[in-house]
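2 protein chains.
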Amino acid sequence: MTSQSAATPALPADQATVRRSNLALVLGRLREAGPRSRADLATETKLNKATVSSLVAELTTRGLVRETGIRSDGAVGRPARILAVDGATVGTLGLEANADYVAAHGTDLAGRVLVNRRDSVDLMGASADQALGRLTSLAADSLDAMAAAGARVAGIGVAIPGLVDAADGTVLFAPNLGWRNVPVAARLASALRLDPAIGVLVDNDANLSALAEYRLGSEAGTADLVYLTGEVGVGGGVLVDGRLLRGSAGFGGEVGHMAVDPASGVLCGCGRIGCWETKVGLAALVRQAMPDSPYRIGAPVRDPEDRVAEILERARAGDPRTLNTLEEIGRWLGIGASILVNIVNPKAIVLGGYFVPLWLYLVDAAERELARHAIAPVGGAAGYLNGAAGEAARQVRMVPSALGFTAAVRGGAAVAIDAVFADPTRVDGDRSRVDTSAHHQESEVAV
Amino acid sequence: MTSQSAATPALPADQATVRRSNLALVLGRLREAGPRSRADLATETKLNKATVSSLVAELTTRGLVRETGIRSDGAVGRPARILAVDGATVGTLGLEANADYVAAHGTDLAGRVLVNRRDSVDLMGASADQALGRLTSLAADSLDAMAAAGARVAGIGVAIPGLVDAADGTVLFAPNLGWRNVPVAARLASALRLDPAIGVLVDNDANLSALAEYRLGSEAGTADLVYLTGEVGVGGGVLVDGRLLRGSAGFGGEVGHMAVDPASGVLCGCGRIGCWETKVGLAALVRQAMPDSPYRIGAPVRDPEDRVAEILERARAGDPRTLNTLEEIGRWLGIGASILVNIVNPKAIVLGGYFVPLWLYLVDAAERELARHAIAPVGGAAGYLNGAAGEAARQVRMVPSALGFTAAVRGGAAVAIDAVFADPTRVDGDRSRVDTSAHHQESEVAV
Chain R
1 MTSQSAATPA LPADQATVRR SNLALVLGRL REAGPRSRAD LATETKLNKA
51 TVSSLVAELT TRGLVRETGI RSDGAVGRPA RILAVDGATV GTLGLEANAD
101 YVAAHGTDLA GRVLVNRRDS VDLMGASADQ ALGRLTSLAA DSLDAMAAAG
151 ARVAGIGVAI PGLVDAADGT VLFAPNLGWR NVPVAARLAS ALRLDPAIGV
201 LVDNDANLSA LAEYRLGSEA GTADLVYLTG EVGVGGGVLV DGRLLRGSAG
251 FGGEVGHMAV DPASGVLCGC GRIGCWETKV GLAALVRQAM PDSPYRIGAP
301 VRDPEDRVAE ILERARAGDP RTLNTLEEIG RWLGIGASIL VNIVNPKAIV
351 LGGYFVPLWL YLVDAAEREL ARHAIAPVGG AAGYLNGAAG EAARQVRMVP
401 SALGFTAAVR GGAAVAIDAV FADPTRVDGD RSRVDTSAHH QESEVAV
Chain V
1 MTSQSAATPA LPADQATVRR SNLALVLGRL REAGPRSRAD LATETKLNKA
51 TVSSLVAELT TRGLVRETGI RSDGAVGRPA RILAVDGATV GTLGLEANAD
101 YVAAHGTDLA GRVLVNRRDS VDLMGASADQ ALGRLTSLAA DSLDAMAAAG
151 ARVAGIGVAI PGLVDAADGT VLFAPNLGWR NVPVAARLAS ALRLDPAIGV
201 LVDNDANLSA LAEYRLGSEA GTADLVYLTG EVGVGGGVLV DGRLLRGSAG
251 FGGEVGHMAV DPASGVLCGC GRIGCWETKV GLAALVRQAM PDSPYRIGAP
301 VRDPEDRVAE ILERARAGDP RTLNTLEEIG RWLGIGASIL VNIVNPKAIV
351 LGGYFVPLWL YLVDAAEREL ARHAIAPVGG AAGYLNGAAG EAARQVRMVP
401 SALGFTAAVR GGAAVAIDAV FADPTRVDGD RSRVDTSAHH QESEVAV
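Those protein sequence lines, which keep their order, are chains R and V. At position 111 of the first sequence the residue is numbered 111 (our numbering), and the sequence of numbers has no breaks. At position 210 of the second sequence the residue is numbered 210 (our numbering), and the sequence of numbers has no breaks.
It should be emphasised that the hints constitute simulated quantities derived from the structure, not laboratory data. On a predicted model such as this, the values are computed, not experimentally measured, just so you know. Ideal Cβ positions, reconstructed from N, Cα and C, are used throughout, including at glycine. Please note: incorrect hints may appear among the correct ones.
Claimed, not checked - A short list of chain V residues far from chain R (calculated; beta carbon distances all over 12 Å):
#, residue
1, Asp-40
2, Ala-283
3, Pro-320
Unchecked claim - So the derived label-pair ranges between C-beta atoms look like this:
#, chain 1, residue 1, chain 2, residue 2, range
4, V, Pro-183, R, Ala-50, 51 to 59 Å
5, R, Gly-242, V, Asp-168, 21 to 29 Å
6, R, Gly-28, V, Gly-242, 20 to 28 Å
Model the full assembly from the supplied sequences, consistent with the hints where possible.
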């Protein structure tokens with residue numbers, strides 16, 4: 001996914017690979033261990049000092065490393081120049097297309113948020129071309145905004161609610177978008193006229209959200225977790241020991257389509273019967289709680305947060321239909337979560353999307369059913385009642401996401417940042433090559 | 001888990017670790033790449049020739065390597081002596097305690113079967129002490145038989161249908177045995193007076209069966225598979241990319257307790273309601289198909305194969321109750337399998353225990369429900385009808401185990417062999433120290 005960049009003379013393939021690996025080693029050390037001198041880096045990476053100096057020079061040219069000061073700690077010899085990751089001039093962009101919105105989230109390498117935007121749009125009623133046009137337009141605006149903030153974009157990560165071939169960036173099937181075999185990475189790269197060095201990674205929205213929670217959320221550092229998207233679709237991102245469980249053919253984590261009630265006869269958006277999504281998806285919630293306001297394809301577009309706000313209002317007012325619906329959804333949330341726990345045994349189940357604002361009305365039934373059916377002991381409210389303190393390390397907990405609707409786009413930006421740290425040559429060494437005008441021109445054609 | 005053995009002089013901890021690692025490197029190379037010379041090994045492992053010679057000498061003393069001949073291929077210099085793994089004098093033993101039997105399977109490193117035995121016994125009605133006594137007695141007989149066949153036992157792997165802390169060999173909870181917190185590894189080592197170098201590994205029976213299928217069964221080499229134990233309990237061993245999915249606290253793979261029908265009100269052996277085991281476990285089969293012959297604790301012990309043979313006979317005779325029961329069990333087998341597939345997406349689901357002899361009567365309903373509810377395309381009979389040829393690589397299939405009831409004990413022997421290859425110092429260098437008489441003496445006390 002990388003091209004020959006301006007900063008590096010052509011090298012034989014093997015040497016180029018070694019060079020990339022060494023650039024990543026030095027940059028990664030600075031990321032993990034913090035600012036330090038060239039001599040420190042040489043000692044710690046076991047590379048010789050001349051090599052480290054050459055690597056640092058290249059990383060500096062690429063805008064990834066800068067000198068932050070001089071350390072004179074009384075040691076013999078001249079004071080050492082201290083190096084640090086230069087987060088300010090390189091950034092990545094997360095994008096998301098979902099049933100009823102497109103979103104973008106851009107950060108620089110230091111984590112400063114440069115773009116954070118979500119536009120309501122009915123993609124369930126749009127063609128894949130129209131949807132990609134909207135996404136391209138949002139991406140172009142975002143790239144402009146990031147360029148204006150002084151950050152060159154070195155990678156893009158795109159979240160899609162569906163089955164994705166992550167290896168080539170193609171969406172195989174996204175039922176709630178109506179997409180089949182859409183080469184999203186190639187289409188975006190072309191429409192945005194991206195430099196080939198700027199990789200476009202595409203992954204399932206729940207997978208990217210799970211990674212975002214592991215990196216940034218309240219469960220940062222929890223390497224065994226399941227993220228559930230509470231939207232029109234209910235997807236799952238399953239992290240086992242910090243790695244995504246994709247399965248033998250990429251169909252792992254399709255938790256919304258667990259057959260939790262095949263006898264119900266209720267048809268899912270995927271065409272199957274009795275899927276978990278028919279019990280706990282946003283459409284099920286709206287259908288049951290707001291029969292006067294059907295949530296269907298072709299209905300006037302409404303932001304899901306507006307609908308959720310209305311349901312929340314009704315719940316606070318004590319509306320019996322709303323409260324019964326939320327109790328029933330909480331119950332099925334706990335039953336489905338218990339199945340996940342009995343197979344995967346994560347440390348935490350992180351609930352995203354609409355589950356977050358309504359969690360107060362879901363938690364009791366959800367934790368009760370989880371504790372009733374899970375083999376692992378359950379933490380949270382149920383755990384406080386039942387569990388001994390020493391059991392805490394074995395407990396599984398359900399927690400609402402602190403990242404809310406932004407988890408997937410943040411995850412997209414995060415995987416793109418990881419790609420830069422894994423291969424610093426993704427960042428072009430010639431800063432003059434950023435051309436923001438091209439993005440908009442092409443995106444307008446694409447829409 | 002290793003002790004200072006007679007063949008190695010005391011070394012500082014770091015040096016001993018390096019030595020063990022180098023022994024494993026040389027032995028592993030011979031295992032994977034086949035017979036070769038010391039010079040070949042030096043080239044391939046990047047160790048110097050003197051070190052390789054010393055390592056080979058130690059491995060030979062430990063009975064793990066032998067010279068098989070001389071290669072004189074016309075090259076300059078004297079002919080090279082060819083080395084190979086010496087499989088004949090070192091073996092491992094797999095053991096299993098299950099609800100209604102104990103079993104043993106002993107092999108040497110070359111895979112020659114030295115012991116293969118299963119004794120019917122009602123462990124559901126026995127105390128943990130009684131059960132361990134039976135297992136110890138069987139182990140002692142097996143160790144004697146292996147010694148008589150000229151193989152010293154270098155490790156034991158024990159399969160238990162329950163939650164196991166594999167790190168210290170303790171069974172935390174085995175509902176169908178009635179065990180809680182039983183330190184099986186320590187109890188067996190003590191009762192059998194094992195040399196501390198002989199590691200006793202304990203793991204869940206489904207986990208060990210999954211490993212056996214991956215190593216030895218018809219799915220050998222399939223790194224993403226789920227093994228289901230079709231016994232009184234229904235356990236799952238989940239392999240993801242060749243590694244067992246244990247979960248954050250060891251509760252992974254408890255698939256028999258997925259809440260597939262919580263509204264049913266049917267109580268499981270674990271105390272929960274609506275578990276998959278209440279739909280597809282052997283007790284459910286017997287209860288529904290043979291109401292005249294209840295399967296309960298305290299009933300006269302009957303070998304499960306006898307019961308299964310009787311059901312098979314009734315099915316062949318066209319008995320409607322039996323056929324309806326098998327159809328219903330096949331249906332629930334497919335529904336539960338579809339849930340596993342939608343979360344984990346294995347390449348194969350391998351069915352063990354009673355599912356194997358009755359597969360012909362289960363397969364149609366099972367594959368139909370799996371294809372109806374799984375996102376991944378389904379192979380097997382359903383796949384032949386629906387799937388395009390090019391889809392084969394993405395398909396998931398259900399297959400009956402070719403290892404049958406022996407999968408778990410074979411897995412136990414296999415993990416013990418892996419432990420020897422990972423640390424060859426587990427095999428004592430002083431062959432005179434094998435004392436078979438001690439085993440029996442102590443085992444008789446323990447019973």
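Results for each hint:
1. Against chain R, the non-interface label of V/Asp-40 holds: every CB pair exceeds 12 Å, the least being about 25 Å.
2. Even its closest Cβ contact with chain R, about 18 Å, leaves V/Ala-283 beyond 12 Å, as expected for a residue assigned away from the interface.
3. Listed as outside the interface, V/Pro-320 is consistent with that label: its C-beta sits roughly 22 Å from the nearest C-beta of chain R, beyond the 12 Å cut-off.
4. A beta carbon spacing of about 57 Å between V/Pro-183 and R/Ala-50 agrees with the range 51 to 59 Å that was offered as a hint.
5. Remark: the range hint 21 to 29 Å for R/Gly-242 to V/Asp-168 is upheld by a beta-carbon distance near 24 Å.
6. The hinted range of 20 to 28 Å is satisfied by R/Gly-28 and V/Gly-242, whose Cβ atoms lie roughly 27 Å apart.
When each numbered hint is compared with the structure, no violation occurs for any of them.
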